[in-house]
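> Each chain, written out:
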Amino acid sequence: MKKIGFFLGCNIPFNRPDVEYSARYLLNELGYEIVELEGATCCPAFGTMPSLDLVGWAAASAWNLTIAEEKGVDIVTGCGSCYGSLNEARHHMEKHPEVKEQVNKILSKVGKEYKGTVKVWNFINFLYEDVGLEKLKSKIKHNLNGLKCAVQTGCHNLWPSKAYPTNEDNTFFPTRLREICEAMGGVAPHYSTITDCCGMGALRSTASEKSLNLFKKKLDVIKEEIDPDITVMGCSSCLLQFDAGQALLVEQKKLNYKIPALHIVQLAAIAMGADPEKATVLASIPLNGVITKIKGGN
Amino acid sequence: MDKTGKPACQICEKGIPPKGIQGCPADAIKFDDKDEYINLKVGAVIIATGFKPMSKHYFKEYSPHSPDVITSMEFERILSATGPTGGELKRPSDGTKPKTIAMVSCVGSRDERYHPYCSKVCCMYMLKHARILKEKYPDIKLYLFFIDVRTAGKDFEEFYVYTRELGVKVIKGGRVSSVDVKPNGKLRVRAFDSDLCAPVELDADMVVLATAIEPPDGVEELGSMFTATCGREGFLREVHTKLYPVETQARGVFIAGCVQGPKDIPESIAQARAAASATAALVIPGKIKFEAIISEVDRDKCSSCGVCVPLCPYTAIRIVEYKGKEKAYIEPALCAGCGVCASACPSKAIKFNGFTTEQIMAQIDALTEA
Amino acid sequence: MEEGGVNVIDLTQADESFVKELEALGADELRECIQCGKCGATCPMALAGLEFFIKRIVHAANLGLRDILLEDSSVWGCQSCNRCVEICPMDVKPYELIQAIRRAAMKVESCPANTYEGLRNLYRFGHAVYPKGYEERRKKAGLPEKPPTAISYDELRKKYQEILRNTILEEIAPFPLD
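Residue numbers (numbering that gives the first Met the number 0), protein chains in the order written: chain A, 0 to 297; chain B, 0 to 369; chain C, 0 to 177.
A few of these clues could be false.
[As the list claims (entries may be wrong)] Some chain B residues well away from chain A (every beta-carbon gap over 10 Å; in silico):
#1 16
#2 43
#3 51
#4 72
#5 88
#6 91
#7 264
#8 309
#9 326
[Said to hold, decoys possible] List time: in silico DSBU-like cross-link candidates among lysine-lysine, alpha-carbon distance up to 30 Å:
#10 A:222 to B:185
#11 A:216 to B:171
#12 B:185 to B:89
#13 A:111 to C:158
#14 A:277 to A:1
#15 A:70 to C:138
#16 A:1 to A:140
#17 C:138 to A:294
Since the hints were made in silico from the structure, they are not lab data.
Please read these numbers as outputs of a predicted model, since none were measured by experiment.
By construction, the Cβ of each residue, glycine as well, lies at the ideal position given by its N, Cα and C atoms.
With the rest of the complex left out, here is chain A:
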């Protein structure tokens, strides 16, 4: 049985544990043994240690990376920021041996050493490469039945590409998440703002209204160009914006339609037979129609 370290981050276990539930269900269904990364922390988020200095950032990331190294597993994460922060820190240490040396000096105080052997996946690339679309297809219990999906890969899952172990052929025209949805029986057309930022993150905390307006502009384009049944995320921060952020816009009467939003691991878990109630229990935008459509398929 293949082993994989599941890196939780913060938003998934604390704000959207239904994504954690779904990811665990999905990994089990796909035949992976989940190795718990006990003691793992925040990646760290870009507004914290990375905004103080490079060595502090790398040391905080290396703490997490060494947990996986000690267990001899690679990491998969459902959060774009974690994917970005961990991989960028890894990239900096690889490129600047002096940073790695300083980090190891700090880690040695708690008896740890960062070697640089661990690979950090996001769920998109993990499903696309490590699992593979054929295997994914073979595990589907409920075909998505033509469900129209608007995908949101998420900025951190694309750039900076030099820091990432694997990536899209064209990061400005991402297709992997679309292909994953289509492999499960959905329809996932391209739309023109597919690589636009959702506005969640530092922008949302610094200028909330501007952040939501930016998101609304993107959502309007999605509605106008492809009018999907659902939006599908590759990143948990994007999910917070597409779901809770959207609900906020509706509440503020700035939006007169609703499009349900799910993380790809939620959608895949449901397609593989997870209890939709548990897998989506914290969604703010109601999903009823979507679940019926999936359940209607085979």
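Guided by the hints, dock chains B and C onto chain A, whose structure is given.
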């Protein structure tokens, strides 16, 4: 015919009988002509290969997969009466006439990832394309995206102002950030407009990329055949920007046009004439003056080891028969007087005129006497 | 910009040493920028309408406008999306400049309150984002009340805190590290 894989139309040979058009009446074409190699012995060579326009496929942020995103060179063909559309303005994807066109400058030029230099001619030909279009189709909407508008020199700035007067819209400080394809076939162009101090976006029917002028394929190999060297950017390098602009390191080898670097037609012609003059000055007298400071071989001392031959950067040393033996010979017309061979010769058989051991020792003596 | 203030930026107040400080803090390619503008139209800060966004920030930094940049909160609104790094034709790595400015701002305690909150959470709980009521949410999703992260392992969390105490956080943190 070989290139396109299609059979030749044979109009010049047979004419178009139904329309009463004859084949070439002067019988001026040899239809049975074949490719052949011709060996020529020449006293000088001018390398003028021209350039290669960069392909759009490097620029993934500009949706290169869309057929309606094309390079300026392809656009030039669309505008041409002998081009694929017979000079009619049509979108490659669906053959409709575009109402709005965006032209993008500095695609691959002024770009550390590809070419750090300015391709020099793009600003002007973008304005030229805009002027041609606007004069032919006054209703067409044209947006030209520049970093800076570079129209230096006599008549060029005037051309720019005239083009603006035609109603062409100019966006500056705005290297295009992205081009995205919309489901309705439009292309959304995003750029920053420094004059508006705001990001702008535009739905265009076609996007024309002014891709960089690149050195042609194989120019380095070609240059090394003549011992002419390339600069960092891959163009053949002149000896001196101001004093020897068409000369290369290799004597008797001259360069003209874009093989030396991006330039426009007037400049290329001026340079070509300079190269022709330099060639004529070398060849027409029938005699060559050698430099005094060159190396020569004392062939009686030469041990025929051949060490000097590959060392010469100017391929001036050959092995030739002398008194029944193979000995080194330095072609005085090619020697540039660098002295590498003289210092390397194990038999001390090469004399570097002006810098013989005796002369250098005398200089050292004179210096150390005081 | 101050409400009702005069809209003129005084270049004579520029501080050339600020450029060097930022270079030392990680923005080492800053001066290569030719202001081509390519980053300006896909930067989320620019699209959302923040006063300063990446193109303007690079220029202001190059001019040495320390006070303006440190007083403005825009840099804290950067999404770290790295699209600017991906497309910059001069390899200026604009995002690393944002971090450099934040690092300079932290040194003079000029940052939004929520930045400190994130750092405090990171140190105390091992999680920068640590929202209330998560136990209830986890139960709803059929999961144990606490995730198997540092929050569940006091010993490991203490080790993590020791790592953080050995970084620059020790000097900068406006809260006690004990």
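> Does each hint fit the structure? Answer for all of them.
Verification of the hints:
The beta carbon of residue 16 (chain B) is kept farther than 10 Å from every beta carbon of chain A, the shortest such distance being approximately 51 Å. Remark: the non-interface label on residue 43 (chain B) is consistent with the geometry, its nearest Cβ contact in chain A lying 48 Å away (cut-off 10 Å). Every CB of chain A lies more than 10 Å from the CB of residue 51 (chain B), the least distance being 23 Å, so the non-interface label holds. With 10 Å as the threshold on Cβ separation, the claim that residue 72 (chain B) sits away from chain A holds: the shortest Cβ distance comes to roughly 23 Å.
Under the 10 Å C-beta cut-off, the non-interface status given to residue 88 (chain B) relative to chain A holds; the minimum distance is some 24 Å. Against chain A, the non-interface label of residue 91 (chain B) holds: every CB pair exceeds 10 Å, the least being about 18 Å. Under the 10 Å C-beta cut-off, the non-interface status given to residue 264 (chain B) relative to chain A holds; the minimum distance is some 35 Å. Even its closest Cβ contact with chain A, about 39 Å, leaves residue 309 (chain B) beyond 10 Å, as expected for a residue assigned away from the interface.
With a least CB separation of 55 Å from chain A, residue 326 (chain B) remains clear of the 10 Å interface cut-off, as annotated. Distance restraint check for residue 222 (chain A) and residue 185 (chain B): the Cα-Cα separation of roughly 17 Å lies within the 30 Å cut-off, and the hinted pair is therefore satisfied. Restraint check: the Cα-Cα separation between residue 216 (chain A) and residue 171 (chain B) comes to about 25 Å, which is no more than 30 Å; the hinted pair holds. Distance restraint check for residue 185 (chain B) and residue 89 (chain B): the Cα-Cα separation of roughly 14 Å lies within the 30 Å cut-off, and the hinted pair is therefore satisfied.
Restraint check for residue 111 (chain A) and residue 158 (chain C): satisfied, since their Cα atoms lie roughly 10 Å apart, inside the 30 Å limit. As the CA atoms of residue 277 (chain A) and residue 1 (chain A) are separated by approximately 26 Å, the hinted pair is consistent with the 30 Å bound. For the suggested pair residue 70 (chain A) and residue 138 (chain C), the alpha carbons sit about 28 Å apart, so the restraint of at most 30 Å is met. Under the criterion of a C-alpha separation no larger than 30 Å, the hint pairing residue 1 (chain A) with residue 140 (chain A) is consistent with the structure, at around 22 Å.
Of the pairs offered as hints, the one joining residue 138 (chain C) and residue 294 (chain A) holds, with about 25 Å between alpha carbons and a cut-off of 30 Å not exceeded.
Of the numbered hints listed earlier, not one is contradicted by the structure.
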